[in-house]
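> Starting from the given sequences, assemble the full structure and let the hints guide the process.
Listed below, chain by chain, are the residues.
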Amino acid sequence: MDKALLIQLGGSVVAVALLVAVAAWLGAARPTPPLDVEAARALLAVEFPDHKPTALWIAADGAGLIARENDHALVIWRRGDGYVAREAPWRDVSDLRPSHGRLSIRVGDGRPVFAVADDRWPPKELA
Amino acid sequence: MLKPSFDPVQLAIPFFVLAIVLEILLGRFGKAKANYETRDTAMSLSMGLGSTVAGILFGGVVFAATVWVWNHRIFTIPMTAVWAWVAVFLLEDLTYYWFHRIAHERRFWWASHVNHHTSTHYNLSTALRQTWTGGVAGTWLLWLPLSFVGFPPAMVAIQKGVSLVYQFWIHTEAIKRMPRWFEAVFNTPSHHRVHHARNARYLDANYAGILIIWDRLFGTFIPETDEEPCRYGTVKNLGNFNLLHNVFHEWVGIGRDVAGSKSPREVLGYVFGPPGWSPDGSRETSHTLKAKWRAREEAASRAAAEEKAPSPGASPASRVGT
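These protein sequence lines map, in sequence, to chains A and B. So that you can map any letter, position 76 of the first sequence is 76 in our numbering, and since no number is skipped, the others follow by simple counting. Basically our numbering = 1-based index in the second sequence + 127.
Keep in mind that the hints were calculated from the coordinates and are not lab data. Certain hints may be false.
[What the hints assert, rightly or not] To give an idea of the chain B side of the interface with chain A (calculated C-beta under 10 Å), a few residues:
1. 137
2. 165
3. 168
Backbone N, C-alpha and C define an ideal beta-carbon position, used for all residues, glycine too.
So, in structure tokens, the structure goes:
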């Protein structure tokens with residue numbers, strides 16, 4: 001590989017690092033306040049417009065939710081300053097056991113961790 | 128004639144950097160709509176850097192193929208003629224439209240292009256979120272006919288660079304609308320926001336590079352509406368910030384589906400069908416998502432009409448809710 005190309009690549013790496021540092025330092029991310037019931041329902045309507053969940057649980061820190069529609073769990077969690085939504089069989093979610101106030105779920109390419117108020121699962125809102 | 132004397136993209140890199148810093152500042156101080164999330168920005172810029180490296184690694188093959196085609200050309204088009212630049216501008220942009228459309232509507236090419244759409248943000252750094260696997264996907268083959276007709280490879284390369292540089296500035300929420308005449312002819316931030324939106328109503332639209340006229344001509348144009356703001360990303364947003372997952376996830380998905388296929392028809396469907404295709408129709412494609420959205424819209428407008436219309440036998444007083 002010729003020297004000029006290496007210098008150019010090195011310069012690009014430095015430029016990328018600096019730009020990321022500027023973005024982190026200035027903090028221009030979207031605000032993501034903890035979810036309340038209204039925000040959670042709005043999020044469900046956007047992510048799962050064809051579903052009609054009958055029960056809703058919001059994580060203790062407001063960073064995610066699990067809704068239930070019969071044998072179906074609708075899972076939404078915060079990733080960065082946005083949200084990711086996935087579906088899972090309710091049984092897979094109800095069989096989980098929280099540990100030290102945390103509940104970890106494996107849903108496809110995501111492994112969200114939900115804050116739970118106590119280690120009782122499933123919570124009364126979803127049972 | 129073979130190698131361009133300059134690369135518009137290389138020349139524009141300092142402008143890219145300054146424009147991103149400016150957009151971050153404008154967003155931070157509330158002067159314009161612009162959001163930057165650190166890991167999302169890191170992913171976009173790393174994708175841009177990796178794409179450059181992938182381009183260098185695969186560039187030799189593309190260059191050799193282009194030269195071979197050029198050596199078998201029909202005409203010899205002079206690089207110094209103005210008409211030739213006008214022609215290459217239009218033909219390259221038309222080629223880009225079809226490349227981009229195929230890259231969205233067929234899964235094999237979507238696997239390479241999806242990376243550009245995985246950001247849930249729409250800012251200038253998103254423009255640099257470029258593919259690493261374009262060489263493997265072979266979409267560069269679409270530009271070979273230009274050299275076969277007789278456009279010098281250097282001319283095509285410069286025009287491709289100009290198109291890429293043009294498309295940088297339209298990746299922003301900071302600009303709401305351009306003048307009407309401009310919106311009618313050119314691809315703009317508004318048109319391209321629609322293209323990056325994951326709202327069902329906006330899917331598979333506005334494939335243009337520089338000229339939006341191709342979308343208007345081929346029926347893929349959808350205007351941005353204020354009633355439904357764009358939500359960015361893919362229909363199913365990525366569940367993590369893993370760079371390699373972002374680059375290869377759709378390829379892995381194709382491999383997994385092909386491995387589980389029960390017939391050659393299924394293999395073809397999984398590889399070359401629209402993204403989301405499945406033999407039993409259990410997965411969602413853009414087409415089914417749009418159909419469901421339309422059905423919801425119709426149901427909502429019917430419900431609204433019924434609410435407005437007086438029910439038979441109702442007294443005038445009951446109609447006004449007294």
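> Determine for every hint whether it applies to the structure shown.
To see whether the hints hold, each was checked on the structure:
Below 10 Å, beta-carbon pairs count as interface contacts, and residue 137 of chain B has one with chain A at about 8 Å; its hint therefore holds. The beta carbon of residue 165 of chain B comes within 4 Å of a beta carbon in chain A, closer than 10 Å, and the hint placing it at the interface holds. Taking 10 Å as the C-beta contact cut-off toward chain A, the hint placing residue 168 of chain B at the interface holds, the least distance being around 4 Å.
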